[in-house]
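Q: Chain by chain, the residues run as shown.
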Amino acid sequence: MPISLELKRKIVRSVDDLPPIPRVVMKMKELMMAPNCSAKHIADLVSQDQALASKVLKLANSPYFGVIRTISSIQQGVAFLGFNTLHNLVLASSLFGMYEKELKGYKMAKGALWEHSIYSAFAAQSLAESVGNKAVRETAFTAGLIHDVGKLVMSLYISEVFQSIMDLVERDGLQFLEAEKKLLGFDHAEIGSEVARKWRFPPALVNAIRYHHAPQLASSDADLVSIVHLSDAACLMMGKGSGVDGGYYPIDGLALQTLKMKEDDLQKLILRLTSSVNPAILEV
Amino acid sequence: MLQIGLGELKTSTDGKGPMEIPNIMSGVAVIMLDKKRGMAGAVHVLLPVCNSMSRADLTKFADTGVKLLLGEMENQGVAKHEITIKVVGGSDLMGATNFSVGHKNVEVVSRVLSQEGLLVAAQEVGGRRKRHVIIHPGTGRVQVKYLLGEPLDI
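Residue numbers (numbering that gives the first Met the number 0), protein chains in the order written: chain C, 0 to 283; chain V, 0 to 153.
So that you can see chain C by itself, here it is in the shape it has in the complex (with noise of 0.2 Å):
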């Protein structure tokens, strides 16, 4: 059945509909980017808006860092996390919102798509730390957290050919992304690129979210496509978060050999995930 044109224009519209990354992680990001940033002007932002600082101060204190004494300022709580940490609990703070709600198309419980991004997040993350050069140790959070962003939209329309999908993955043998692309022209991975672009997300980003299914497609940018691909795996099998969708998911064994692993070391992240996940960061 060919896709209607207007049905694509609509799913492309849903993405300009998606409200924009606040203003305050795009500018500290430029701060950090500027060679002169020090803790002090990144607590100056912070401390412009009374709820994010009191996050930072929260996760600071968190049990998770085990600090002795308590941090009480922010440029206190800023110098001991760390610019990179600080930037992923201000973007993840502030996808909140719409990252908690159900996604009805993907049978995802309310707060089901927050778990599976911050454990995604959390996986890519320590992934990064052991294979990946310095760029990619700093982007690879956010993109765990932002790689299933295009769900947000695809999900509205999901719920219209649900049964179709269903019958082209159980039957035919598809995955759901490609059952997706098949019945309404674009799947969440193509739709959540855009929504990087949008967001003005560096191409790196918006790659590791447009290949996160398919690593072998993606030209450049390899560990942090793989990165994110094999984090979005483990969390699945750990059920953490998945949708209806989690299990009609391949893994790329081209992924594990760009990365240099193993099997044994999936299960080592896996693992490594059942520990490491600061649950103060599921509560911003």
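These are computed hints drawn from the structure, not numbers from a lab. Careful, some of the hints might be misleading.
BS3-like cross-link-like pairs, simulated, lysine-lysine; straight-line CA separation at most 25 Å [claimed, not checked]: (1) K103(C) to K144(V); (2) K267(C) to K66(V); (3) K261(C) to K103(V); (4) K259(C) to K103(V); (5) K100(C) to K39(C); (6) K144(V) to K109(C); (7) K7(C) to K133(C); (8) K144(V) to K100(C); (9) K7(C) to K197(C); (10) K103(V) to K267(C); (11) K103(C) to K181(C).
Partial chain C-side listing against chain V, Cβ under 10 Å, derived [to be verified]: (12) S61; (13) Y63; (14) A108; (15) G242; (16) L255.
Note that CB positions come from ideal geometry on N, CA and C, so glycine has one too.
Assemble chain V onto chain C, guided by the hints.
A: Chain V in isolation, oriented as in the chain C frame:
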């Protein structure tokens, strides 16, 4: 409802009423029931063979988790021959022939139970679906729920 998370082991004496094991994917829920006393214990393991030195990790692996659960049931005065065992989970991702953690988890659970001379009374394993389990210790009822489709009693 008493919740049993990934890598956790609990018995019905830890709380009141039904027990719930949510979000079972490649992990496996091993459920031991003593129908005579209306008691139950369960562990939700997520990896097949223990390679960790940490005591806190023992309930995360199929081989060590099953043994710990059996030990816990026996500590609570349940004799081996009074235990009814049900096993749920072990889904794998599509075409995951080399990464079939779910399948391996089920294999190791079966092997350890068999080494202990225990039979599985019922199981609902494999496939690609995520499962949720509700255990009613008083009646021994074990209900498996899915994101799609009707729940199943095993």
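Q: Take the C-alpha atoms of K144(V) and K109(C), compute the straight-line distance between them, and say whether it is at most 25 Å.
A: 17 Å, holds
Q: Checking hints one by one. Is A108(C) an interface residue toward chain V, by the C-beta closer than 10 Å rule?
A: 9 Å, holds
Q: Just to be careful, I want the Cα atoms of K7(C) and K133(C) compared with a cutoff of 25 Å; is the pair within it?
A: Violated. K7(C) to K133(C) sits at ~38 Å, over the 25 Å cutoff.
Q: Can you confirm whether the C-alpha distance between K7(C) and K197(C) stays at or below 25 Å?
A: Distance of about 17 Å is within 25 Å: holds.
Q: Given the hint that K261(C) pairs with K103(V), test it: the Cα-Cα distance must not exceed 25 Å.
A: Holds: K261(C) and K103(V) sit about 16 Å apart, inside 25 Å.
Q: Would you mind confirming whether the straight-line C-alpha gap from K144(V) to K100(C) stays at or under 25 Å?
A: 22 Å, holds
Q: Taking only the CA atoms, is the gap from K103(C) to K181(C) under or equal to 25 Å?
A: Between K103(C) and K181(C) the Cα gap is close to 20 Å, so the pair holds against 25 Å.
Q: Between K267(C) and K66(V), does the CA-CA distance stay at or below 25 Å?
A: 21 Å, holds
Q: Between K100(C) and K39(C), does the CA-CA distance stay at or below 25 Å?
A: 35 Å, violated
Q: Given the hint that K259(C) pairs with K103(V), does the C-alpha gap stay at or below 25 Å?
A: The hint holds at about 23 Å.
Q: Once the shortest beta carbon distance from S61(C) to chain V is found, is it less than 10 Å?
A: At 19 Å from the nearest chain V Cβ, S61(C) fails the 10 Å test, so the hint is violated.
Q: Keeping to a limit of 25 Å between CA atoms, is the pair of K103(V) and K267(C) held or broken?
A: 15 Å, holds
Going through the hint list in order, the structure does not satisfy hints 5, 7, 12, 13.
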